[in-house]
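J.: Given next are the chains, with one letter for each unit.
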Amino acid sequence: MSRVVDIKDLSISFATDAGAVKAVDGVSLSVNRGEVLAIVGESGSGKTVTAKTILGLLPETATTGGAVLLSNRAGTSVSDVVSLSKKQLRAVRGADVSMVFQEPSTALNPVYTVGWQIAEGLRAHGKLSRAEAKREAIEILRKVGIPEPEVRVNYYPHQFSGGQKQRVVIASALVLNPGLIVADEPTTALDVTVQAEILELLRRLRDEFDTAIVLITHNMGVVADLADRVAVMYQGKVVEEADAKTLFAHPQNDYTKRLLDSVPRIGQGRARTEERQRVRAERASGGVVDVPVVEATNLTIEYAARFGRKGFRAVDDVSFRIGPGEVLGLVGESGSGKTTIGRAIGGLTRITSGSLKVLGFEMLDFAERRFKPLRADIGFVFQDPAASFNPLLTIADAVAEPLVIHGRAKNPAQARKRVDELLEAVQLPKSYGDRFPHELSGGQRQRASLARGLALEPKLLIADEPTSALDVSVQARVLELFAELQLEFGFAALFISHDLAVVDLLADRIAVLYHGRLVEEGTGAEVLGDPRDPYTRRLLASLPVPDPVEQAARRTVLARIQAEAGANPA
Amino acid sequence: MSTTTEAVATLPPRKSGFFGRLPVLKQLRQSVGLQRGMLITGLVVTAIFVLVAIFAPLIAPYGFAQLRGPDGPFGAQQPPSPEHIMGTTVGGYDVYSRVIWGAQTAILVIIIAVIFSIFIGILLGLISGYIGGWLDRVLVVIGDAIYAFPSLLLAIVLSIVISGGQSSLWGGIFAAALSITVVYIPQYYRVIRAETIRIKAEPYVESAKMLGASTPRIMFRHVLRNATRTLPIIFTLNSSEAILTLAGLGFLGFGIEPTAAAEWGYDLNKALSDVTSGIWWTALYPGLAIVLAVLGITLVGESLNDLADPRLRGRKRVKAKSGAMSATSVDAPLPSDLDILDENATAPSSTDGLENSK
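Protein chains in written order, with UniProt numbering: chain A, 1 to 570; chain B, 1 to 358.
One should not assume that every hint holds.
Stated by the list, open to error - Residues of chain B clear of chain A, computed beta-carbon distances all greater than 10 Å:
#1 S207
#2 M210
#3 L211
To be verified - Calculated pairs, DSS-like style, for lysine-lysine (alpha carbon to alpha carbon, straight line, at most 30 Å):
#4 A:K417 x A:K357
#5 A:K459 x B:K270
#6 A:K52 x A:K86
#7 B:K200 x A:K357
#8 B:K270 x A:K430
#9 B:K209 x A:K417
#10 A:K245 x A:K257
#11 B:K26 x A:K372
Rather than coming from a laboratory, the hints here were simulated on the basis of the structure. Built from N, CA and C at the ideal position, the CB exists for glycine as well.
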C-alpha cells in the first residue's frame, strides 16, 4: 500500500507570553491510501497541531522540527511540507490535502453562495471557466448528498441546516480530489443524529473515492464508528497506535485504558438509580407525600419576534414534575428547548402561558422582588466553566457571592470559612480559593462552579450541560462528584444534556425533548431500554458506542430505523 | 460542545509583582523588537513632556508673560541669541520660555479634559448599556448628534459659552478642557456601552442574576471592572487628540490670552505673518513642541493597542524542541490534589457508586 502522508519525528514548539511551550514531541505517524487514521486525545494533547502541520497551517509563533512527507494522489511526487515555501504550500493545499473544519457555520463565508466558495478552490488551482467551475461544483454537491444541487448551488450558507453546511464544507474539501482529507472534529458541533449521517458520508469518501482521512476527535464513539487505525496522543506524544478493533478490545497503554474506561456508556448508572427509586417508593408507601420542587403544566415559552411576525415557540405544551431529591435528566438536540426550560425555572426567561411552579411559586408573570428570596434555594451550574466566573474575582470571592447577596455573610472575607468547607466538599484544595479562574483547569473550574451552586444548600440545582465543555476523563470525575454531592446534600436536580449516556448515569427519570415538545418521559430503563417514540429510538441508535464491532451492528439498526421513519437526510 | 484549549490555562501562573501588573509596565515587559522600540520611544518622549511641564518654573529662564529683563525690554522678533536661545516673538516674549510653559498648560488641559470625559462617559455608558430602554436610545442619539458636528467647531462654540470672553488662566484652561470633554464623552460612552452590552450576556453576569444580586451590585462589581480594559488605549489616544484640539482652539483665537498662560496654538497664530518675512524661529519651536508631544503619546497609545491584542503582539522565536510540555487537563494530579485525595481516602467513603455499578 502506498503512503499518502508520512510524519517523521515531528516536534513543534510555540512562543507564548510565558516562554516556549512544547506542543508536539517526536511524533511519527503515517497514513495509507484509502485509510482512516483517527488521532485521539484530550485538549492540549497536540492532536490538532499535528494535523494542521500536514497543511502547513501553523501560526507564525510555531517552530517545527522533523519532516512531513506528503504524496500527491497519483503518488508521483513527494514533498516535505515543513520545508515548503508559501507559494509551494498553496499549490499543495486543496490539490493534495485539504481540511474539514469543526464548526461548519464559521468555515463558510456568509456573503458568498456555496457554489462560489466551492469553485474558489477550483479557480485557485486550475484555469477553469466560470461555467465549468460551476458544473464541477454541482457535481460535487450531488456526490456529498445535497438534494437538488443545480438549484442549491446558488444558495447562501444560512439557507442550509447545520448538517448540510458540513456536507458543503466536505464538498469544497473534496472538489480537487485530494488524496488526503484532514477532518478536525468534523462532527463535534453537530447533533448526534446529524453526526451519524456525516460519519456515513465520510465512510463513503473512503470507500468510493479511495481518499485517506486523518480524523481528529476526542469522541471514542466516533473513532469506533469510522476509524481503521487509531493513534492515541497524550502530552504531545503518541502513546499507542493500533488498528481500531485491537485498540478497543485490547488496549495496551495505561492511559488508553483509562480513557476508554471514562467514556460513559448507557446502562452504567442504572443499578444506582433503581436503588434510589426503591427508597423513594418505600417512603411514599410509608405515608410521606412529596410536594414537588418543580411542577410544569402545559408550559409554553415563546420568544417575541419582530413586529408583524409570529413569535418563535421554543417550548410547546410541556408538563413534568421534579420531586424532592429527584434528578430529572432533560435530553434533546440543539434548539429543542431544554436550556430555555432551565432558564425559565431559574427566572431568567419569562414563560408565555401554562403554569410553572418552582418551590410552590408560580412563575407566570412573576415579580422579581417576590421571587428573590427563593433564589437562595435554587443553585445553577452553567455549561462553560470558563465563562461563568467573573475573571477579576478570585474563586473564593466568586463562591462567597451567594452568601453575601443573601445576607449570610457581610463580605467575602467573613464567608471564607464556609467557602473553604465548600471547596473541600467539591474536592478542591482550600488554597485554590485565592486563585483566579484562569489559573484553574476546566475540570477544577467546574468543581468551583458546583461549590458556588451549592453554597446556600439549595433545594434545587439546575445544571445546564455541566460537562459538555470538559474532556471525557474530566467529565467522568465531575459526574462522579455530582452524584456524591447529590447523595450527601439530597437536592433535587434538573440535569440538562444532549448526551444520553451522561444523563443515564445520573438521572432518576429522563425526559426527551424534540422541537419544544416532550416526546417521552420515564425512568432510565423505560426510556433507554424500551423507547416508545420514534425520535427517541433514532436518537438512541445514532449514539455511537466505543466498540467497533458493536457499532457496526448498530449502524444497520440505525439504517433500518431511518428507512422506516423515512427520515430526511440532514 | 467545544474542546477548550486547556493547555495554556494550566501552565503554572507566572507571579509578577505589583509593578509587573501596572498597565504600561506590564506591556513593556511583554514587548519585543520593533514594538518595544516604539513603546520605549513613546514613553521617553512623553516622560520628557511631563517632566518639562512639572519643572517649567525651574527650566524656563523667563516667565511666560515676561516682556523685559533686567536690561530692559527683550525686543520683538529678535533672532536666537545667548540671551534668547530661540529668539523672541512678535509680541516680545521669549520663545523658549513660552514653549516650556506651554507644556504645563497642555498637560493641565489634558488631565482635566480626560478625567471629566472618562468619569461621565463611563457612568453614562454603564447605565445606558446595562439598563437599556428609552434612556439608552436617547443617549445614543445625543452621542451620534455630537459625533455629527466637526469636533473643532463644537469646541469653539463651547469655549465661547463657557468662558464668555474671559481669559484668565483657569477660565481659559477650563474652557478648553470642558469643550474637549464634551467632544470626547461620546467616545468613552460608546466603548463602555458596547462592552457593557457584551458583558451583560456573559454567563458570569447571568449567574449573578441567578443568585439574586441587585442591579447596582451587578453593574459595579461584575460589569464595570471587566468593561474598562480597553480604556488605557483610548485614554492615550485621546490625550494626543486633546493637545491638537487645544492647539487648534488657540490657533483660531479661542484659546488662552498670552498674559494668562503660555499656549502653543496661540503662539503659532501670532507667528503666521512672520513665516513669510523669513522669521522662522517663532513658528518652528511651538510647532515642534506640538508634534513631539502628540507623537510621544500616540506612540504609547498605538503600542499599547498592538500589545493588547495577542495576535498583533510580537514574540521571540523559539528553537525547535524547546520549552516544557504543558500539562493537559487529563489526569494532572497537582501536588495539592494528592493531599486532598489522601484526606478523602482516610475519611469513611460512603459513595463509590459510580465505579461499582458498572
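J.: Tell me, which hint numbers fail for this structure?
T.: The structure breaks hints 1, 2, 3, 4, 5, 8 and 11; every other hint is satisfied.
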